[in-house]
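Line by line, the protein sequences are chains Y, S, D and G. According to my numbering, the residues represented by the first sequence are 1 to 218, in order. According to my numbering, the residues represented by the second sequence are 1001 to 1218, in order. According to my numbering, the residues represented by the third sequence are 2001 to 2230, in order. According to my numbering, the residues represented by the fourth sequence are 3001 to 3230, in order.
One or more hints might be untrue.
Derived CB-CB ranges, DEER-like [unchecked claim]:
no., chain 1, residue 1, chain 2, residue 2, range
1, D, 2010, G, 3197, 31 to 39 Å
2, S, 1019, G, 3047, 47 to 55 Å
3, D, 2143, G, 3133, 22 to 30 Å
4, S, 1150, G, 3143, 40 to 48 Å
5, G, 3196, D, 2096, 53 to 61 Å
6, S, 1121, G, 3137, 26 to 34 Å
7, G, 3224, S, 1122, 26 to 34 Å
8, G, 3196, Y, 55, 21 to 29 Å
9, D, 2014, Y, 41, 48 to 56 Å
10, D, 2143, G, 3011, 38 to 46 Å
With the C-beta cut set under 10 Å, the calculated list includes, among others, these residues of chain G facing chain S [said to hold, decoys possible]:
no., residue
11, 3027
12, 3030
13, 3058
14, 3081
15, 3113
16, 3197
Please keep in mind that the hints were generated in silico from the structure rather than gathered at the bench. Note that this is a predicted model, so its numbers are computed, not measured. Positions of the beta carbon are idealized from the N, C-alpha and C atoms, including for glycine.
Listed below, chain by chain, are the residues.
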Amino acid sequence: MAGLSRELIALRVARELREGMVVNLGIGLPTLVSSFLPPGAEILLQAEDGILGYGAISEQDFDPDLINAGGQPVTLLPGASFFDSAASFAMIRGGHVDVAVLGGLEVSERGDLANWYLPERGGGSIGGAMDLACGARRVIVAMTHTAREDRPRIRTRCAYPLTAPACVDLIITDLAVIEVRPEGLLLTEVAPGVDAAFVQARTEPELRLSPDLREMEL
Amino acid sequence: MAGLSRELIALRVARELREGMVVNLGIGLPTLVSSFLPPGAEILLQAEDGILGYGAISEQDFDPDLINAGGQPVTLLPGASFFDSAASFAMIRGGHVDVAVLGGLEVSERGDLANWYLPERGGGSIGGAMDLACGARRVIVAMTHTAREDRPRIRTRCAYPLTAPACVDLIITDLAVIEVRPEGLLLTEVAPGVDAAFVQARTEPELRLSPDLREMEL
Amino acid sequence: MIDKTFASPDDALHDVADGATIMFGGFVSAGTPSNLILALQRRGTRDITGIANNIGLGDLLDVLCEKRQLAKFIATFAVRASGARKSLFEEQYARGEVALELVPQGTFVERIRAAGAGLGGVLTRVGLGTMVEEGKRTINIDGADYLLELPLRADFAFIKAYRADRMGNLAYRMAGRNFNPAMATAADVVIAEVEQIVEPGGIDPESVGTPGVYVDRVVRCDPVPVRWYG
Amino acid sequence: MIDKTFASPDDALHDVADGATIMFGGFVSAGTPSNLILALQRRGTRDITGIANNIGLGDLLDVLCEKRQLAKFIATFAVRASGARKSLFEEQYARGEVALELVPQGTFVERIRAAGAGLGGVLTRVGLGTMVEEGKRTINIDGADYLLELPLRADFAFIKAYRADRMGNLAYRMAGRNFNPAMATAADVVIAEVEQIVEPGGIDPESVGTPGVYVDRVVRCDPVPVRWYG
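Chain Y extracted, bound-state conformation:
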């Protein structure tokens, strides 16, 4: 089957990150990005529970007071800091986080994001998703391109309840990299073995093709 693994999606997301950036990684797929950060670059990972500058997920020692927002034990890098939730969300809401990488259920062509509530299960939780979607300077959604039965997750309008309207800047899926532009969605990269028509067939709104359309470098 065509398309990137979750790990390769995370790797492609990591390519968007540069030294000095403050980055928040959402629960689930985005968490994997921490394993693919450019080596040697000082990128500051922010966790909603009040850490700036955490490092790898720690598989060994579990300290209940040293976890990321998904509850996973993490390590600390030199220059890390702790703060309370009011300060953490002042940082997020106030535009001091450069990049939020969020999971997605649906993204609309104008960049609306739905990622917190599954009506068919009657369940969902907000957590920090709305604050991150509104507050981060750049929002990258990392998700599989389609849901079950090839149902497109990139929609003309989201059917699911929104996390925030018009908040997404970049969509990175197992099939493609798509920028959300004022004039619509721009397909800039396709996964190896996939072409634009294949991506379009699995995307509800029309994609414009970048003049620089290319295969993802992984």
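Place chains S, D and G on chain Y using the hints.
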């Protein structure tokens, strides 16, 4: 001349304070209260610049980072803490300061306070006075009973710009102790050598006399 | 002498009555007042309105569902979109036995802070254009809309810190801060579970995370072991 | 490698242009960025809108009046009701040469915090029924009026901390915190004067008062001696 010295006013104010109370002392006369705290009682002095639990004013070593809100060097007591201005005023505005002792230019019969602006000099500054007047659970005004030429400071209405309306609970002057009650001003104590008529003659609104009216114990 | 220490969690909860609104500090496993939660379960208090970031995610709060002590919960994370496992809370919520108000996490803590800081409310863009805006006032400033979010207070706050003194000063440890400092400012009675009690001065004044003025009761407990919530 | 250190205050101020809005941390003598203020005086920048708790009270800011660098000041304490001494600022204000906006101190820091925290405004009762309410919107909630106070931002914030690392993490000392942490969140360019620079990790993560994300430039300076402002 009848009436208490500034130090004796401060002493009488200090009698209002009990163990465990959090107390903010305004600039000027109220600052003197710190010299008359009941010995052995743990009273927590709060300074707007971000200290809870400071002690005596230090005449010797001057550390520019260890000052009260008037800029005077202070000492620390065991159990003190430091915090920033946002936290300091959250404490004040949020009702966590038990008593604020403020200076006054005028107090009205319904407890309006004017203490920040002198129109005849065209000058004045707010500082933390409005926050303290609004936020402290109990506001004690410590001032001389009259201004120059025996002009009453306790007025039917304040002529000077207000610090906050209906905020004063107790007025302690060189002549008297007066409670601000919903039904008006209640004279509860007079200074040694002073009687109710003497106080009333120097007070604009009518004072009701407490059935327990007595001479101040100093 | 100010002395806010209590002998046991059960003593510290002596006046928590049915129908109480209770805030619980903690973020998943970090800074969670587990001993106070277990004491609340033992006490059997009913019709509780709980306020916490999360329930049923490595936080022990789910034990309050065992005997249906919760009437309502205000949280940011309580029901999972994925159905991998179900907490007791999720089951009771699905059956309509407990009410749930979901709040964005930043709005949640800001509402608590507003209550503690004596603010009448705060304006935020978070939640605009979503289900969160339902029933809320919108205020327009210079052409931009904001939601008016109101203060959130409680009768009690159960919080967790690492160290305390008898005056109620608290020091936190790492990500154990989270909602604890804000909740300490926003409840009528604040009860802190700590691992150590030291003499006043034993906490560096620079390191006090919650000044004693906010804390009513302090109780020393061994931490309840928790597993990685993975 | 992230390196935010600058060689001198003058270097750190290289792009401060005429007409800039500048916040200055500090409360009287505590936590005042004196070296940055002196560098701003040397630079001769004009038409400045200054934002600081106080001016002319043991804070060195009065030097900016020597060559009339200030067009406007936003402060809580700037003009004394008593006329014992007069600062240059007071003299220029009395002559109408500089504008002044006085703000209650708690509202002042809350407006700065709101700007840094991405809030559209906050509601407070402080200032109701006083001159402070003039020109402001009043919002009624359940029968109680509140003033709507709007965020306060700046182009630059000049702040003072005790210790920094090259990543911009700051640790404060005693009452030197005051407005510095809030101002660090609310300006486009944040310049911190510190007494020590250490390697990353040299500040305990528990003791970071301002995380490096907020700080753009760090410059080590010997503190300017100040006298007791009595």
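Hints and how they fare:
no., hint, in the structure
1, D:2010 with G:3197: 31 to 39 Å, "violated, 50 Å"
2, S:1019 with G:3047: 47 to 55 Å, "holds, 53 Å"
3, D:2143 with G:3133: 22 to 30 Å, "holds, 23 Å"
4, S:1150 with G:3143: 40 to 48 Å, "holds, 42 Å"
5, G:3196 with D:2096: 53 to 61 Å, "holds, 59 Å"
6, S:1121 with G:3137: 26 to 34 Å, "holds, 31 Å"
7, G:3224 with S:1122: 26 to 34 Å, "holds, 32 Å"
8, G:3196 with Y:55: 21 to 29 Å, "holds, 25 Å"
9, D:2014 with Y:41: 48 to 56 Å, "holds, 55 Å"
10, D:2143 with G:3011: 38 to 46 Å, "holds, 39 Å"
11, 3027, "holds, 4 Å"
12, 3030, "holds, 5 Å"
13, 3058, "holds, 6 Å"
14, 3081, "holds, 4 Å"
15, 3113, "holds, 5 Å"
16, 3197, "violated, 18 Å"
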